[in-house]
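**Q** Read top to bottom, the protein sequences are chains A and B.
For the first sequence, the working numbering assigns the number 1 to the initial residue and increments by one for each residue that follows.
For the second sequence, the working numbering assigns the number 1 to the initial residue and increments by one for each residue that follows.
What the hints contain is simulated information worked out from the structure, not anything from laboratory work.
Hints are supplied without guarantee of correctness; some may be wrong.
Unchecked claim - Ranges between beta-carbon positions, derived for each pair:
1) A/Phe52 to B/Val56: 24 to 32 Å
2) A/Ala51 to B/Ala101: 32 to 40 Å
3) A/Ile55 to B/Leu104: 32 to 40 Å
4) B/Tyr84 to A/Phe52: 51 to 59 Å
5) B/Leu100 to A/Phe61: 46 to 54 Å
6) B/Gly57 to A/Pro42: 29 to 37 Å
7) A/Glu86 to B/Gln51: 25 to 33 Å
Stated by the list, open to error - Some, not all, of what chain A presents toward chain B, calculated at C-beta under 10 Å:
8) Ala15
9) Pro42
10) Glu44
11) Asp60
12) Pro66
13) Gly76
14) His85
Every residue gets a Cβ at the ideal spot worked out from N, C-alpha and C, and that includes glycine.
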Amino acid sequence: MTMTLLSVSRTLFLAACVAGSAACTSLQSVSVNSVPTNRSRPVEATESNTAFLGIHFDNDFVDDLPSQLTAQCPGGKVTGIFTKHESTWYVLVEQREVRVSGYCVYERPSAPKAPVAKRASATPLAPVTRTESAPRESQP
Amino acid sequence: MRVLILEGLCAALLLAGCASLHHYQLGDIDASRGELKPFEIQVDETGLDTQEAMEVGKAFVASDSGKQRMGDAQAIIALFQFGYVTGDPTFDDDWADGLLAKVLDRCPSGRITGLSVVRESMDYPVVSGEIVTLKGYCIP
């Protein structure tokens, strides 16, 4: 009898673990721009943000994505950008993720080959700062 | 003392708000045309969570018939608001319409690249801040 109970509880525990690790994913939004004919230099960047009970205090985690893409395409044009925003629940924790991918295009054929990396540390473009923002406008 | 600390924590959590990211979109980034000047534009409007407002209203109504009427009103309002939405309803439907004009104000040359759009909400009790943020780079 005790063995049966133990086996049932173990099975339930394993089922809960599987259900918890499988998580629940929602696709929030997708967008894509015009895709170039030259797709030999793909670039990609991903940012995510995790919070207990899904209580997030800001959405600043997406701010570095343009810089990450341009760092992989110095002096070139990043086009054909596919943007995907999704969220995943792991029991009590929510993870939001925004993934952008595109293609680096150089107008001149002799342009240097851009390095392809998921994350880039160098940022050739100046980050957008709050100090240069226009004042918020509320309408009555 | 403990009650005061708990009240302070609750107040801090309520005032801090909860951020929701509804949509993120990134346009082509052209870094081949020299120095880029970053800019940011943000517009917002106050949203009202009508269901939450009704629940608060019910708490202040003493009679059962009053609560019943509030429930009926809540159901009628819900019928007019079903369907896909981002954030809470606002009293003005064109609060984000002037974004393009504002972009041209910030970038008179009209040559814009790396335009990212963030649609987000800051949720507070009953009300919310409905926000659209544009960030991009101006090619001088």
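**Q** 32 to 40 Å was suggested as the range; check whether the CB atoms of A/Ala51 and B/Ala101 agree with it.
**A** For A/Ala51 and B/Ala101 the Cβ distance comes to about 35 Å; the hint holds.
**Q** Does A/Asp60 hold up as a contact with chain B if the rule is Cβ-Cβ below 10 Å?
**A** With Cβ-Cβ at 9 Å, under 10 Å, it holds.
**Q** Let's test the interface hint: is any C-beta of chain B closer than 10 Å to that of A/His85?
**A** Status holds, d = 5 Å.
**Q** Under 10 Å is the threshold here; is the Cβ of A/Gly76 close enough to any Cβ of chain B for the hint to stand?
**A** Holds. Min distance 6 Å.
**Q** Okay, A/Phe52 versus B/Val56 on CB: inside 24 to 32 Å?
**A** The hinted range 24 to 32 Å holds for A/Phe52 and B/Val56, with Cβ atoms some 26 Å apart.
**Q** Do the beta carbons of B/Tyr84 and A/Phe52 sit within 51 to 59 Å of each other?
**A** About 27 Å separates the Cβ atoms of B/Tyr84 and A/Phe52, which means 51 to 59 Å is violated.
**Q** When you take the CB atoms of B/Gly57 and A/Pro42, is the distance between them in 29 to 37 Å?
**A** violated, 54 Å
**Q** Return the status of the interface hint for A/Glu44: holds when the least beta-carbon distance to chain B is below 10 Å, violated otherwise.
**A** violated, 12 Å
**Q** Is the hint on A/Ala15 kept, meaning its closest Cβ partner in chain B is under 10 Å away?
**A** Violated. Min distance 32 Å.
**Q** In this structure, is the beta-carbon distance linking A/Glu86 and B/Gln51 contained in 25 to 33 Å?
**A** holds, 26 Å
**Q** Holds or violated: the 32 to 40 Å window for the beta-carbon distance between A/Ile55 and B/Leu104?
**A** Because 37 Å falls inside the window, the suggested range holds.
**Q** When you take the CB atoms of B/Leu100 and A/Phe61, is the distance between them in 46 to 54 Å?
**A** violated, 26 Å
Checked against the numbered hints above, the structure breaks hints 4, 5, 6, 8, 9 and 10 and satisfies the rest.
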